[in-house]
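There are 6 protein chains.
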Amino acid sequence: MLENYSWKSASQIFRKKKVALVPVGSTEQHGPHLPLGTDFFIACALAESVARDTGAICAPVIPIGVSAHHKQFWGTVWVSPQTFRQYIYEIATSLEYHGIRRIIFVNGHGGNFPSLQEVSLNLRAENLYSVAYQWWTDPSVIELQRRLFKSKGSHAGAIETAMLLAIRPELVDTASYKEAAEGAAAEFGVTKFGAQLPVDTLEFSESGATLDPREATVEAGKQIFHTALESLKNLTHWLEKAKVDDLEPKAHKS
Amino acid sequence: MLENYSWKSASQIFRKKKVALVPVGSTEQHGPHLPLGTDFFIACALAESVARDTGAICAPVIPIGVSAHHKQFWGTVWVSPQTFRQYIYEIATSLEYHGIRRIIFVNGHGGNFPSLQEVSLNLRAENLYSVAYQWWTDPSVIELQRRLFKSKGSHAGAIETAMLLAIRPELVDTASYKEAAEGAAAEFGVTKFGAQLPVDTLEFSESGATLDPREATVEAGKQIFHTALESLKNLTHWLEKAKVDDLEPKAHKS
Amino acid sequence: MLENYSWKSASQIFRKKKVALVPVGSTEQHGPHLPLGTDFFIACALAESVARDTGAICAPVIPIGVSAHHKQFWGTVWVSPQTFRQYIYEIATSLEYHGIRRIIFVNGHGGNFPSLQEVSLNLRAENLYSVAYQWWTDPSVIELQRRLFKSKGSHAGAIETAMLLAIRPELVDTASYKEAAEGAAAEFGVTKFGAQLPVDTLEFSESGATLDPREATVEAGKQIFHTALESLKNLTHWLEKAKVDDLEPKAHKS
Amino acid sequence: MLENYSWKSASQIFRKKKVALVPVGSTEQHGPHLPLGTDFFIACALAESVARDTGAICAPVIPIGVSAHHKQFWGTVWVSPQTFRQYIYEIATSLEYHGIRRIIFVNGHGGNFPSLQEVSLNLRAENLYSVAYQWWTDPSVIELQRRLFKSKGSHAGAIETAMLLAIRPELVDTASYKEAAEGAAAEFGVTKFGAQLPVDTLEFSESGATLDPREATVEAGKQIFHTALESLKNLTHWLEKAKVDDLEPKAHKS
Amino acid sequence: MLENYSWKSASQIFRKKKVALVPVGSTEQHGPHLPLGTDFFIACALAESVARDTGAICAPVIPIGVSAHHKQFWGTVWVSPQTFRQYIYEIATSLEYHGIRRIIFVNGHGGNFPSLQEVSLNLRAENLYSVAYQWWTDPSVIELQRRLFKSKGSHAGAIETAMLLAIRPELVDTASYKEAAEGAAAEFGVTKFGAQLPVDTLEFSESGATLDPREATVEAGKQIFHTALESLKNLTHWLEKAKVDDLEPKAHKS
Amino acid sequence: MLENYSWKSASQIFRKKKVALVPVGSTEQHGPHLPLGTDFFIACALAESVARDTGAICAPVIPIGVSAHHKQFWGTVWVSPQTFRQYIYEIATSLEYHGIRRIIFVNGHGGNFPSLQEVSLNLRAENLYSVAYQWWTDPSVIELQRRLFKSKGSHAGAIETAMLLAIRPELVDTASYKEAAEGAAAEFGVTKFGAQLPVDTLEFSESGATLDPREATVEAGKQIFHTALESLKNLTHWLEKAKVDDLEPKAHKS
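Residue numbers (this note's numbering), protein chains in the order written: chain A, 435 to 688; chain B, 435 to 688; chain C, 435 to 688; chain D, 435 to 688; chain E, 435 to 688; chain F, 435 to 688.
All clues given are correct.
No copy labels: a pair is met if it fits in one copy or bridges any two.
For lysine-lysine, the following DSSO-like pairs were computed, each having C-alpha atoms within a straight-line distance of at most 27 Å: (1) Lys586 / Lys626; (2) Lys626 / Lys675; (3) Lys626 / Lys656; (4) Lys450 / Lys677; (5) Lys451 / Lys684; (6) Lys586 / Lys612; (7) Lys452 / Lys684; (8) Lys675 / Lys450; (9) Lys675 / Lys451; (10) Lys667 / Lys656; (11) Lys684 / Lys612.
No lab work stands behind these hints, which were simulated from the structure alone.
Using the sequences and the hints given, assemble the complete structure.
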């Protein structure tokens, strides 16, 4: 959104608002039925909706993230976690130059999460408060998901497919649902004797998807989108209103 | 564009084509009349047009680059040259994982250029051939510019305003032309006794623009766009057809 | 354990075995009742037990990790995630110099986990297979925990206190249980509108503990230790026996 | 020059002067007729002349820079741009420790330029004002060049050969002029459809030179040297006299 | 030792004391007769003894350091000097968070020394005063060594073997003394025409030891340990009592 | 010297010789009587003499090194050890591009030594054999020093002053000898209870010198220079003739 403003019109928002949203996604395989940009399309749609509703600043979406574990699937583009963190960190500190010290990373891709957490802790040590929101780990979305679908997987499963149907239906290839479902894993990742193995997606999913996208509907997608939107709006309001003291790191125990 | 394909449909293009386009821009002030995203809008429009016409692969646009020198203007978002280089470098090597060893960075922002050149030299040492194309330094565009306009500045001047009128007319604030022109510099940068000073834009341009956007017209913009498109298409064809031997670094002199 | 061998006696194990265990912990607050070394004591005890039983190589324990979020509590010592990753990565590659390409990080501290995962993915790209085991996220331990205790928190809660009672009872200050429990959080971390905030422990726990350590008993600790030991032994056996093909990354999809 | 002073005699100059000159060059091929040290000889000669005339501080010349693109020619020695920048950056900050906050990089090698610009921007963010002067891009030198020579190339062409004839005639191998000219390029670099290719010198010049050195004369060299000297002296005076306010970065637009 | 305290009990020491000891060693070959952990066992024993006697804070021992030059001997584990420095540096700055600005690195391994010196200089620039003590280069230990033994080598020679006999006799393999002595070098390293060659230990010592461990006795070990202990205690007292002014770097000469 | 050759004449030496000399010094205070460039003047004089006599390749002298500990004395210019190492490392690998795998760093400054050793070990891991020679730690020079002078200090003491008298007499300020001697330290550095403190030179030497330069004579300087030259020539011959097998790292112990 910020990209659509001139510096002059942007100056109005920067002077009024304390919070900036930074949508972050990835360009990576999402099964044979969803587009490579799925994660950043959703992040962008959520962030822009909230920005429209709340007046928050919204940076352009960051389209490429931490996705090396999808690399065997055509078209996945990625950077290392280290480079991703640095890129994100500097975007945040450049926003701070304009007086913004409160940032919400609207994250569309789970592989980015540990890096966004690490960046957030580093930013906080510099008195910049950032927090990563991701829709599919939001408890209220999880609850809705349980009601809507029998199948569970998130990556390219019913829940993500539904989201795309809600925001970019023209990019969903329903004809590939079957192929997606038949090659899908029941869960994302492999656990062995209590340990999560360092595997690539291809090692547990032939199609790149987790579980069955066929349960997805436009209607379900809209409900999910709306539910996530509500959380994100509330988070934005909370951060906008929070007292500086509550955002600053606490002092050492006496 | 790649973001609109599933991995399955992407596999078709990757198998057929040798060249990928990577549009790269910035989010930075472009005077009071042009949007902050100007550079990446143009890069993206050019790259996608060429991809459509030639079948080349086109990565999602990189929206944030090397723009610290615009930082005093509201809304400019940037990363350091070093981080930008690393981000771009790794995007290129991830494309290589899918067999792509020929890349064109379609660059919309001059501040990115030295970094793109440095990355290109580094990539070539790893047998990845990349080249940065930028429309406003293309000799055929420069010639056209001379014919079209009296004023010369590029950044947010007549030529860039015309381009925006051609591709995103709704984002051009014609009401601010006067303000842009009155606060504009005649040239981008400051030279003192033969030396280019390390200045920020604000030190030579109060409005952030160079010269007079009022000469810009939709028609001129279309001509410029078309001229750049032709060059970029030719460059793409040349790179697609080039012999491997001509792209590899030469051996040491005997 | 390796530290107790001469190079000559070590040569026998290196020639026979494919797997090395690397215990990793932290030096950080664990409430008023548990010692700062809790995490590395447990990691070390588990790794050495498994090494004794299976003949696996066991590196000396790494005592300092990613604990900045405990920094307001006296005596917490930490390094940045980036430095931790590099330290661990190079320990792994130095083991590889002696022919070891299979490593289990026996992790005693949750804050290390994202970094160990990142290191494991990087090592795998160099054909070194490593996996991080952590006892308190092992499903069989979680199940046991549910049966043993009513309270849930892991960090310095009943489960960790029980573990210390089993392996280092002399370092557990039972007189401080009450203080620990009264200042404890019900959960580790703070979630707001679906987002995990980037908080330090002191922001949600005055004593540094999560939930009530008073349920802990030596007997419960022994059961937990034994359960974790079984998983880790099985994991070690599996990794020792695994086929090279199953450990190498898969090729690109054709 | 600084290298010839003791700390005690140096203390006199540091107390009186605000500006330090740092000559920077490269060790790289300059055709069959010019020495590998050409760039740093010229940078050093200019900087020392100005220092003598103005009393400015002059650091020892940095002899090795960014020259990998000449690597196929025997004897070229180089470092990466990144390492070069860091080396230069730290030299500048060590001068600052003695109170110097105004630096002129007297650059003899075009390949160093983007890095010197990047360093200058970084230094300025730390309130250290540096500027890179290079003689062959100085407009007054360019004008003189047009009057003196028909041929245009700079690298190892007439203009640079003339400079060497003026300052180090014994190192110019006039017997190799013909070989230089016959293998020379008309321009430095290769442009394709508007894009500057990431080529090494050997790809466009068999001898390593650009255009014809045979036009060079001692007299022309002296004129060029004198012209550059005047610019550099003026630049030094200007920087010495500049108001602090004019050198500090401007504040954010209100 | 710190690892044995809870944060609550640690708070007492941190409030009372200014100095922290950080024992640092390595995991590397020490001949066929001494354990791989020799260096960190000694560092730890010395530091803990001093901490007990003086009340100084003592961090957990760092077991892995700069030992790549021993890499051909089984079981040597190492990190690069650069990573070691960063790990140590951050441990020191985390101690500073608790108010500690005076640190003694109790070093058991010569290969760590240049890095500890470099770290100490860097820390001092941040007003953290650290100093590396190593027992075998302590003049009072050297003098004692001359009286006790005819042979001179330190690494795995008589002096180090004696130390181990004093603190960990069960880990000394006396049956391998002969093999150690026969394959030992007379000195650590190789000098050629005045220059110290960049060799690995294996290039000058087949057994990994320097000179004859057979002179070692428990009694000699105790004397050496006691002598080192006295120095280290004195150093600790001196640092605890030193005036801030004497520890801060001096100002620039006027 | 290399700087005086064209690439064409350089090609002759590169084809014939295996060894390159890289003189390395510093720009740092050397008492009130010696120039700031002392270390690099000596390194350069030695390296060039050997190159003339043996035909070895000789790179341009690196004038700025690791000298932060002299920073309080006017005119000292330095870089961090890390940056110095990287600069040197890349110079070495660029020489390797021309086929040179054997390098002698002719070091004039003790502060560079640990870094040169570290670089040499890193280079060797890439099959590039480098060794650092420094004249004042050469046993044959030390022996001569004992015979020539009563005083002992090296930095700016009799031995270094004598060297300068031999190679650059015009830069020795004999009138400042008395001031140098009166403010001199007896030794370079400060040791406390067996530990070398991380001090700057100013903390132990008011004049910057160690001991009495008044014993220095031109004649003594010539003897020292000649003695060092002999060692360095022998080292160069040895390295030129050494078998590849003797220079490569040894394999792991079987």
